[in-house]
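Trainee: Okay, here's what each chain looks like letter by letter:
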Amino acid sequence: MKVPRHILAQTIAERTLHISDSALLAREIAAYLLTERRTAELESILRDVMQYRASQGILEAELVSAYDVDQHVIEEVRQLLRRAYPKAKTVHISPRTDASVIGGLRVDMANEQLDMTLAAKLSTLKRLTAIDKE
Amino acid sequence: MKDISIQELSEDIRAAITELKKRPEIEEVGVVTRVGDGVAWIYGLTQCGYSEMIQITATDGTSVTAFAFNLGEDEIGAVVLGDDTLIKAGASAKLTGKVLEVPVGPELVGRVVDPMGRPLDGKGPIKASRTSRIEQNAPGVLSRKSVHEPMMTGLTAIDAMVPIGRGQRELIIGDRQTGKTAIAVDTMINQYRQNTGVINIYVAIGQKLSKVARMIERLKREGVMEQTIVVATSAADPASLQYLAPYAATAMGEYFRDNKQHALIIYDDLTKHAAAYRQMSLLLRRPPGREAYPGDVFYLHSRLLERSAKLSDDLGAGSLTALPIIETQAGDISAYIPTNVISITDGQIFMETNLFYQGIRPAISVGLSVSRVGSSAQTKAVKSVAKSLRIELAQFRELAAFSQFSTDLDTETRHRIERGQRLTELLKQPQYSPYSVWQMYATLLAATNGCFDAVPLDKVKSSEANLLRDLKHDHGTEMEHINTGAEPDEKVQKMIVDIANKIAVSYKPEEAKVEK
Ligand SMILES: Nc1ncnc2c1ncn2[C@@H]1O[C@H](COP(=O)(O)OP(=O)(O)OP(=O)(O)O)[C@@H](O)[C@H]1O
Ligand SMILES: [Mg+2]
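Chains as they are written, first to last, in the working numbering: chain A, 402 to 535; chain B, 101 to 616.
Result set (DSSO-like, lysine-lysine): computed pairs, CA atoms no more than 27 angstroms apart in a straight line:
1) K594(B) - K483(B)
2) K122(B) - K403(A)
3) K122(B) - K198(B)
4) K572(B) - K561(B)
5) K194(B) - K403(A)
6) K198(B) - K188(B)
7) K223(B) - K320(B)
8) K594(B) - K487(B)
9) K528(B) - K480(B)
10) K403(A) - K198(B)
11) K121(B) - K403(A)
12) K223(B) - K308(B)
Hints are computed from structural coordinates only; laboratory data are not their basis.
Hey, can you work out the whole structure from these sequences and the hints?
Mentor: Below, the structure is given as C-alpha cells:
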C-alpha cells in the first residue's frame, strides 16, 4: 500500500528532529523513494516536512539574492522572521545566489514567500503598463 | 540535535538518488490474483500508470501483454491483449513503463493489419521503422487551420449538398443495411479515381470477417488497395482489441497528417466500439450509467475524433479527415451514442431505410443531413449549381407530402414536383461509380436549367448518361478544365445546356405528356 505523503513527511520531520547525521538520513530517504518509485514527489514531501517542522517551531527559509550577502544581512533577515513568526524557536537561513533576480532579496519558506527583488518589481511594472496600453 | 537543515537534506537526497540510480534497476513485480473474461486482476504494481502496458508471464513461459485500465487502491484491473487462458492466478506481472505503440509509416500502406499492427494478409512482416503511441493528444488550436480543401466522395448527393472538406469529421449515420459502408467505400475509390493521393484507412470494428474480406477484395479489384490501410477486428476478437482498433488506426493516420500528406480514416462503426468499451467497463466493475455505458463514454469518442484535423501551414498543412459510422435502431438518432457522436462531429449524413427501399440509393436524407464546415471547401463549379438544388429539393419534399391528397394541382405546383422527381432520380448513383467534378457539374447544370423536365422519369438516367458521353467525347478539354474545380464561363455553360436540350428532345416529349 502506498503511504500517504503527509504521513511520510511527518515521519521524516520527526527523524530530522532526533538525528544528527543528515547524510545517512538522506541516503535512507533516497533509497526509499527509489524503491517506491516516488522520486518525483521529493519536492512536495520536503515542503511538507518544512511545514511540519515549522509547526514544531523550526522555521526554515531560503534567502535568494543576485550576489553573495554578508552575515549581517542574514542576521537582519533572521530578526525580521523572528518578529513575523514569534512562535519560531529556531530560524534556519540558507543563502543562495541567483542572477535572475537582478537585485534585492527574496525569502522563500515552505509555502510563503517575501519577494523584495528587482525582478519582481519589474514584472509588476510590466504588467501595469501593459494594462494601460489597452 | 536540531541542526539538520532541509535545504541540505534535499541536496543530499538528490545526490543519493543519482548515485543509487546507477545501480541495477529495482524492479517492481505484481501478482495476478484472478483472471477471466479478458481481464486480469493484479496485486501490487502500485506505480502503474493509466493505460500502461503490463507484461504477464504465461503458463507456457511466454509473456502476454495487458494494459492497465482500472487503477484501484489495492489492485489493478488490466485488460489482456491476447489469450487470457494462458494466464493463471499467481502469474507474475511487470510494468514496462510504456503505453501501447503501433508501427506507423508508408510501409503499412496496402496492408491489412490488426490493431497491434501485426499483418493479417499473409504478405510477410511489416518493416516499419517508426512506431507511435496509440493515444496521442489532439493538435491544439494554434496548430490548426480551418477546413478549406475538398474531400470529394464522388457521390453527387453528398458533394453537392453536404460537402466534406479535408480535416473534417463527418458522421455517417443510419439503420443497418442502408448503405453506410457503401458511401465510405465509394469515397475511398474516388480518391484513387481522381488521383488525389489521399491515403485511406479503413477500420473494421467487430465486423463479420466475411464482409471485411469481400470489401478488401473489391478494393483490390478497383486498384484502391495500393493506397489503403485496413485495420481489421472481427466480432470474434476480444473486446480489448476492438476497443484499441480506432486509436491504433488513428495513430497510423496521424503519421500522414504530420508529414504534409492527406489521409482519410473510416471508423466502421463506432456503435460497436462503444459496445466493446461497455463490455470491458462492466467486466471491470465500473459503475454503469445511461444504457449501461460507463460515465466516460463521451470522452471515448471525443478524444478519438479530435485527432482528425487540418494542420496549419507551419506544421506542413497535412490533414486527417474522419468518416465515423454509427448504426441507429429504427432511425432513432436521439439514443445515447448517436447524440454524443453527432455533437462531436462537424455534421452528419443521415441514411434512411425508407428511401433505401424506395430505390433511392444512396439513401441520403437531404433534410436531416448537414455539413457544418464543408461549404468553404466545396469546389466552385459544384457550388455554383448546388445552391438551387437544395432549395428545389426542399420545396419538392414539402409539396410532395401535400399533393398526395389532391389530384388537381396547379401548373406551378406540378412543375415543381416534376422537377423534384427528376432531381431525385439524377441523384441516384450505383455503387462503385463515383463521379468526377465535371460529371456532377454538367448533370446538375442541365437539371436545374430544366433540360430534363420533359423527359419521362424512367428515361432521366439514360439521358444523363448520353449527355455525359457526348460531353466527354466532343468537349474533353473543357470538361478537364471543370475538373480543376473552376466554374466554367457562360459559353461552356450554354453549350452544356444546349446539348442536354437536344438529347432531351430525342426522348419524345409526347410520351411524357401521356404518362402524366
Ligand atoms: N448506391 C447503391 N446502389 C445500390 N445498392 C447499394 C448502394 N449502396 C449500398 N447498396 C447495397 O445495399 C446493401 C447494404 O449496403 P452496406 O453494406 O453499405 O450498408 P450498411 O449500412 O453498411 O450495412 P450494415 O449495417 O450491415 O453495415 C449492400 O448489399 C449494398 O450492395
Ligand atoms: Mg456496414
